[in-house]
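Trainee: Sequence:
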Amino acid sequence: MKTCIFVFLLIGFKSLALNQGRQEKETLTKRSISPIDVLCKRSPDFKVLTYGKTKMCLYYGQDICTYAEAQGKCRSRNSTLAIFNTAEKFRILYPMDMVWIGLDDIANEGTYRWADGSILDLQSNLRYTIFQAGEPNAAFDFEDCVCNRCYYDYDKLYDTNCAETYNYLCEKVFR
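175 is the number that my numbering gives the last residue of the sequence shown; the numbers go up by one with no jumps.
It should be emphasised that the hints constitute simulated quantities derived from the structure, not laboratory data. All C-beta atoms, glycine included, are put in the ideal place defined by N, C-alpha and C. Be careful, since some hints might not be right.
What the hints assert, rightly or not - Straight line, CA to CA, 25 angstroms or less: simulated BS3-like cross-link-like pairs of lysine-lysine:
| # | residue 1 | residue 2 |
| --- | --- | --- |
| 1 | Lys73 | Lys55 |
| 2 | Lys156 | Lys41 |
| 3 | Lys53 | Lys41 |
| 4 | Lys47 | Lys73 |
| 5 | Lys47 | Lys156 |
| 6 | Lys156 | Lys73 |
| 7 | Lys55 | Lys41 |
| 8 | Lys53 | Lys73 |
| 9 | Lys156 | Lys53 |
Stated by the list, open to error - Across the chosen pairs, the derived CB separations fall in these ranges:
| # | residue 1 | residue 2 | range |
| --- | --- | --- | --- |
| 10 | Arg77 | Lys53 | 31 to 41 angstroms |
| 11 | Val38 | Asn108 | 20 to 30 angstroms |
| 12 | Glu109 | Val38 | 39 to 49 angstroms |
| 13 | Ile33 | Gly134 | 26 to 36 angstroms |
| 14 | Ala139 | Ile33 | 20 to 30 angstroms |
| 15 | Ser32 | Asn137 | 26 to 36 angstroms |
| 16 | Ala163 | Ile33 | 40 to 50 angstroms |
| 17 | Leu122 | Val38 | 16 to 26 angstroms |
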């Protein structure tokens, strides 16, 4: 009787293991690996972060620095300060506190440019999605750079002094 139960259990476990292996193989073959996954993996310290179908190859710089220093550090990694120009991309950024991103109005007060040169339309819905209420406000002449969640009571982007020091996010864009 004990031998019969042991054989039955052994066959049951083997069958369970085979079925589980098939399910894992099916899951792996259904997962799509995009070019960004492959290319980002080749970039030391960069990670693919995802929200829905949106993927970004990002490096989180933990050595606090000014905006200009952050730009230089990203350039040295063959990247730019990260661009969060869609609501989906902003969802990737949202949980990260006290970080410089690639948006400023240094060249022309009131005209916010992303690191790729494109302009943020301040009349768009995106502005209200990504900026703290009342921001950007240029409350002081030197508020030209954009930071995410840099004040304890802010949970979105705001414009601030470029000489402040924060962490930063670099982005690699693959074309």
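Trainee: Is it true that Arg77 and Lys53 lie within 31 to 41 angstroms of each other by Cβ?
Mentor: 25 angstroms, violated
Trainee: That 16 to 26 angstroms hint for Leu122 and Val38 (C-beta), does it hold up?
Mentor: 37 angstroms, violated
Trainee: Evaluate the given range 26 to 36 angstroms for the C-beta pair formed by Ser32 and Asn137.
Mentor: 42 angstroms, violated
Trainee: Take a quick look at whether Lys156 and Lys53 sit within 25 angstroms of each other, Cα to Cα.
Mentor: Since the Cα atoms of Lys156 and Lys53 sit roughly 22 angstroms apart, the hinted pair holds (cutoff 25 angstroms).
Trainee: Is Lys55 within 25 angstroms of Lys41, Cα to Cα?
Mentor: Since the Cα atoms of Lys55 and Lys41 sit roughly 13 angstroms apart, the hinted pair holds (cutoff 25 angstroms).
Trainee: Taking the Cβ atom of Ala163 and the Cβ atom of Ile33, is their distance within the range 40 to 50 angstroms?
Mentor: The hinted range 40 to 50 angstroms holds for Ala163 and Ile33, with Cβ atoms some 42 angstroms apart.
Trainee: Can you tell me whether the CB distance of Ile33 to Gly134 sits inside 26 to 36 angstroms?
Mentor: Given about 42 angstroms between the Cβ atoms, the range is violated.
Trainee: Looking only at beta-carbon atoms, does the pair Val38, Asn108 fall within the given range of 20 to 30 angstroms?
Mentor: 38 angstroms, violated
Trainee: For Lys53 and Lys41, compute the direct alpha-carbon distance and say whether it is at most 25 angstroms.
Mentor: 18 angstroms, holds
Trainee: Given the hinted pair Lys53 and Lys73, is their alpha-carbon gap at most 25 angstroms?
Mentor: 28 angstroms, violated
Trainee: Would the pair Lys156 and Lys41 pass a check requiring their Cα atoms to be no farther apart than 25 angstroms?
Mentor: Violated, at about 29 angstroms.
Trainee: With the threshold set at 25 angstroms, check whether the alpha-carbon distance from Lys47 to Lys73 stays at or below it.
Mentor: 17 angstroms, holds
In terms of the numbered hints stated before, the structure departs from hints 2, 8, 10, 11, 13, 14, 15, 17, listed from lowest to highest.
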